[in-house]
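Enquirer: So the chains spell out like this:
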Amino acid sequence: MKIKVHLFARAKDLAGQPEVEIDVPVGARVVDLKKALGSRIPALSSLLERCAVAVNNEFAGEDASLSPSAEVALLPPVSGG
Amino acid sequence: MAEVTLSPQEVARYSRHLIMPEVGMDGQKKLKASSILLIGAGGLGSPLALYLAAAGVGRLGLVDFDVVDFSNLQRQVLHHTEDVGRPKLQSAKERIQSINPEVRVDLYETRLTSANAFDILRPYDIVIDGTDNFPTRYLVNDACVLLKKPNVYGSIFRFDGQASVFHPPAGPCYRCLYPEPPPPGEVPSCAEGGVLGILPGLVGCIQATEAVKLILGNGAPLIGRLLLYDALRMSFQEFKVRRNPRCPMCGDNPTIKQLIDYEQFCGVRGQETALAATSEEITVEELQQLARSGNNVFILDVRNPEEYQICRIPGSVLLPLPQLPQRFGELDKNKEMVVHCKSGMRSAKAIQFLKQQGFTKLKNLKGGILAWADKIDRTMAKY
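From first to last, the protein sequence lines stand for chains A and B.
Numbering-wise (this note's numbering), the first sequence opens with residue 1 and increments by one.
Numbering-wise (this note's numbering), the second sequence opens with residue 82 and increments by one.
Just so you know, not all the hints are guaranteed correct.
Calculated pairs, DSSO-like style, for lysine-lysine (alpha carbon to alpha carbon, straight line, at most 30 Å) [what the hints assert, rightly or not]:
no. : chain 1 : residue 1 : chain 2 : residue 2
1   : B       : K174      : B       : K113
2   : B       : K430      : B       : K338
3   : B       : K229      : B       : K338
4   : B       : K430      : A       : K34
5   : A       : K4        : B       : K416
6   : A       : K2        : B       : K321
7   : B       : K436      : B       : K416
8   : B       : K230      : B       : K113
9   : A       : K35       : A       : K2
10  : A       : K34       : B       : K321
11  : B       : K294      : B       : K230
12  : B       : K430      : B       : K442
13  : B       : K436      : A       : K35
14  : A       : K35       : A       : K4
15  : B       : K436      : B       : K447
16  : B       : K447      : B       : K430
17  : A       : K34       : A       : K2
18  : B       : K338      : B       : K436
19  : A       : K35       : B       : K430
20  : B       : K321      : B       : K338
21  : A       : K35       : B       : K113
Just so you know, the hints here were simulated from the structure itself, not pulled from any lab data.
Hey, can you work out the whole structure from these sequences and the hints?
Expert: Here is the structure:
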């Protein structure tokens, strides 16, 4: 199934695009999506582990499962002030 | 509350608040009786201090140890051009008192640390996080959780802003969202990545609004919600955040019961020296000598194209660090190469990478182009 991932802040810069579509097997969880994202966009790999992931506008743990219609957002920490 | 009164001048000053049922005389007295601590008097701290003072918050504490720099003026509207070189807290106090002399201002001209955080935070009702680095953000979070104080959070990056209110157990804390900091150097600061000057104005005003709502006890606070603002798309998005029962700080069985060493936690300490030690260095004076002696030295600039437009060392060739993995084949392994960036960190990373690709004749320019501007070409623009 194809999942659309919205990228924010530093993740958007590293990927060079605000969103990316990732193909993952049916029944995939957040952790699988992160792995697939890392191999698709290697520039993201070192930041991925520390990014928060929201599924359908709610923060989700690594074990949360994804449905084909899931709206996913990848939110890296931001420190500026 | 009984002892708080408003003078006729104060009634006139706050009249636009007083005629609204959501504030009224009771709410304005609550504001006057309240105390708020601002961590940081920079980009976020500027609108926070100005608006909270104007709104009639009785006591404002400010923590900052910085001096006003020209590069602050693009967004830190609390400080004016004539303040460059002065401690930020001095200009901050003057501006606050000029806006509203009724406000009591407490200044803490120090770095917030694990040793002083409890003493500084304890007297205040609300803490507002307007810092610019991860170690202080985790410190503010942990101190607020341990002291059971609401932490009004905001942070900014380029055109993106975040805001929330952390107040366990009503909602999550910062660690529920980000249990661990990013690897050092992975998330640039405003100084490294840049920031739209207006952005902290908007995010700081969101934080100020949340603080005032908390004091009034009115409206729906951002507890349990992370608000994201994208200035380029001009869009707001909201994400629900739950308290993590396994959070080491605010979970059901917390494992962190006191403040820790946050520089170490964030891997910040010693990182620059460790990286710099991996490459041989050359000073700007030595580079100038080398270039003058007719030596065919290749100067590689690994900064971004935007930085190259501001200033450059004569004869240098630009190849931005992010493009190095794809483009290092364009470089000649047999040539002596001096690598530089703004101050020496990115060039050290570039050298680390190039060594792995078999390059050997590499030197890192100590202090980067900033050192060149300081010691060789004093007409060069610094940024």
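Enquirer: Do the alpha carbons of K230 (chain B) and K113 (chain B) lie within 30 Å of each other, as the hint requires?
Expert: holds, 19 Å
Enquirer: Quick one, are K229 (chain B) and K338 (chain B) close enough, alpha carbons at most 30 Å?
Expert: holds, 13 Å
Enquirer: Are the Cα positions of K321 (chain B) and K338 (chain B) separated by 30 Å at most?
Expert: holds, 26 Å
Enquirer: Mind checking the alpha carbons of K35 (chain A) and K4 (chain A) for me, to see if they're no more than 30 Å apart?
Expert: holds, 15 Å
Enquirer: Holds or violated: are the alpha carbons of K174 (chain B) and K113 (chain B) at most 30 Å from each other?
Expert: holds, 18 Å
Enquirer: Is K436 (chain B) close enough to K447 (chain B), meaning Cα to Cα at most 30 Å?
Expert: With Cα atoms ~18 Å apart, K436 (chain B) and K447 (chain B) stay inside 30 Å; holds.
Enquirer: Mind checking the alpha carbons of K2 (chain A) and K321 (chain B) for me, to see if they're no more than 30 Å apart?
Expert: Since the Cα atoms of K2 (chain A) and K321 (chain B) sit roughly 24 Å apart, the hinted pair holds (cutoff 30 Å).
Enquirer: Within a Cα-Cα threshold of 30 Å, do K430 (chain B) and K338 (chain B) meet the stated pairing?
Expert: violated, 37 Å
Enquirer: Check whether the Cα positions of K294 (chain B) and K230 (chain B) lie no farther apart than 30 Å.
Expert: holds, 15 Å
Enquirer: Measure nothing beyond the straight line between the CA atoms of K447 (chain B) and K430 (chain B); if it is 30 Å or shorter, mark the hint as holding.
Expert: Distance ~13 Å between K447 (chain B) and K430 (chain B) Cα, so the pair holds.
Enquirer: Are the Cα atoms of K34 (chain A) and K321 (chain B) separated by 30 Å or less?
Expert: Given that 30 Å is the threshold and the Cα spacing comes to 20 Å, the pair holds.
Enquirer: Are K35 (chain A) and K2 (chain A) close enough, with their CA atoms no more than 30 Å apart?
Expert: holds, 14 Å
Comparing the model with each numbered hint stated earlier shows that hints 2, 5, 18 and 21 do not hold.
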